[in-house]
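Asks: Start from the sequences, fold in the hints, and give me the full structure.
Residue numbers (full-length UniProt numbering), protein chains in the order written: chain A, 1 to 237; chain B, 1 to 211.
Any given hint could turn out to be false.
Examples of chain B residues lying across from chain A (beta carbon under 8 Å, computed) [unchecked claim]:
| # | residue |
| --- | --- |
| 1 | ASP8 |
| 2 | LEU10 |
| 3 | GLN12 |
| 4 | PRO14 |
| 5 | ASN52 |
| 6 | GLU76 |
| 7 | GLY89 |
| 8 | PHE129 |
| 9 | VAL187 |
Here's a subset of chain B near chain A, in silico, CB distances under 8 Å, partners left out [said to hold, decoys possible]:
| # | residue |
| --- | --- |
| 10 | TYR6 |
| 11 | SER95 |
| 12 | HIS130 |
| 13 | GLY150 |
| 14 | THR154 |
Just so you know, the hints here were simulated from the structure itself, not pulled from any lab data.
Here a beta-carbon is modelled for each residue, glycine too, at the ideal position from N, C-alpha and C.
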Amino acid sequence: MRRRLEALIERLAEVETVEALTELIHALRDNLDVEHVVYHSVNSTGQQYGILTYSDAWVERYLEQDYARIDPVVQGCFRRFHPVDWKSLDWSGKPQRTLLGEAIEAGVGRQGLSVPIRGPNGQFALFSVSDNRSDAEWARHTAARVRELILVAHYVNQKALELERGTDMVPVRSLSPREIDALTLLAMGYSRAQAAESLAISEHTLRVYIESARFKLGASNTTHAVARALTQGLLVV
Amino acid sequence: MLRYIYADSLDQYPRLAATMFRDRARQFAERLGWQVEVNEKGEERDEYDALNPLYVIWERPDGSHGGSMRFLPTVERCMINEHFRHLTGGVRIESPLIWECTRFCLAPDSDARVSAALMLGGLELGLGFHLAHSIGVFDARMLRVYRRLGWEPTVIGQSGEGRAALCAGLWEFDPTLRPRLLARAGVSAAQSRRWFARAFTAAPKARPVPA
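Replies: Dropping the structure here:
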């Protein structure tokens, strides 16, 4: 399961069209073993952008009723940066109960988890998964995957911004010389301990450099980060 | 009690917020002599307070501030990447699993239990939201304090020497630290869980499932 998610993240890094991203979101749904995956983004001028696995009928209904106005998920995540389980939100109001009833009817599921992302220039995005498991099963299912979900949420958002605006508009996440040093040594076959010693830093420090570089490269793990950096011509080995 | 409050909800706690920003002025401007701005109300606020950070605050029974700290994700604008890159080898530390912690502040008459409670609050955040690390900048003499409180950061870079050296450190979120911090803070595990749940749960009746 984990290896397949890593493979999906590697595919995500190579995505170049909205169609390919949509396909990938569907593959994520299967991999994460949930009913639905939803990516929804709003920029500072109010322009919306969504890639999701919901039925067209439900999306239409949601937009037509302008449910985002009263949706506890949207309200509860806006301007936040911690992952939010839908159970922790207030569904007690009448419009919220109506929305919930319709959502369950439409096959959204009775459970959900959302990762809010506060992007550049006032952009705001939500990456959500929803499902029909019981409370206990859902808690188990998500607890094992929250970290991956948080990472995937950010990678999908980066990719969506890149596709929406064209690569030239995305602020380049350049690697600093120390990150390049660290990845170069790993690419040359050094162990972490040898790389840290060679750079005269602690292994802890090296780990943070690599974690940082991995995120900037949209990579699934260290090996993938090294590969991405090599193909982008960032490393001279 | 421990409160976890985003900046845009601070107006629901006017006394707590006002005393927090005043205690920050006392600690950072007056006592430590940092070059921070203090407004006409005697409050220390900076541009990062305007980015809707998440505060962990110890609230006293009278509703005033006992101590606090401030969290921001490292994938957004934050102090470590905008002011302290010389402490991280020039690396922009960026990961959704690493949050930065700044403005660790105590009211003048708060004791070590408040410090421990704040550390506990930071740990609850990290564990509750499945983070890997928190990163912060502090002067070297704080290392001894953190060690005594039971949760020592790993120093990943520093400038200067001796007690006054400025350090960047990483706190790893590890559940085995909880009992120690609970004991130092004089707080039960159940109490700590309740404080966290109260902050991040809308209402006990709130359930997406019609029962």
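Asks: Look at each hint and say if it fits the structure.
Replies: Evaluated hints:
For B/ASP8, the suggested interface contact is upheld, since its CB lies about 6 Å from the closest CB of chain A, less than 8 Å. With a least beta-carbon distance of about 13 Å to chain A, the hint placing B/LEU10 at the interface is violated under the 8 Å criterion. Because the beta carbon of B/GLN12 sits about 15 Å from the nearest beta carbon in chain A, more than 8 Å, this interface hint is broken. Hint status for B/PRO14 relative to chain A: violated, with the closest Cβ pair at about 20 Å, above 8 Å.
Given hint, B/ASN52 at the interface with chain A, holds; its Cβ is 5 Å from that chain's nearest Cβ, closer than 8 Å. Given hint, B/GLU76 at the interface with chain A, holds; its Cβ is 6 Å from that chain's nearest Cβ, closer than 8 Å. A least Cβ separation of about 4 Å between B/GLY89 and chain A falls short of the 8 Å threshold, and the interface hint therefore holds. Below 8 Å, beta-carbon pairs count as interface contacts, and B/PHE129 has one with chain A at about 5 Å; its hint therefore holds.
The interface hint given for B/VAL187 is violated, since its Cβ lies 21 Å from the closest Cβ of chain A, which is over the 8 Å cut-off. Proximity of B/TYR6 to chain A holds as hinted, the smallest CB-CB distance being about 6 Å (cut-off 8 Å). For the restraint placing B/SER95 at the interface with chain A, the shortest Cβ-Cβ distance is roughly 5 Å, inside the 8 Å limit, so the hint holds. Interface hint status for B/HIS130: upheld, as the beta-carbon distance to the closest one in chain A is roughly 4 Å, under 8 Å.
Look at B/GLY150: its Cβ only gets to about 19 Å from chain A, farther than 8 Å, so that hint breaks. Interface hint status for B/THR154: upheld, as the beta-carbon distance to the closest one in chain A is roughly 5 Å, under 8 Å.
Consistency with the previously given hints fails for numbers 2, 3, 4, 9, 13, ordered from lowest to highest.
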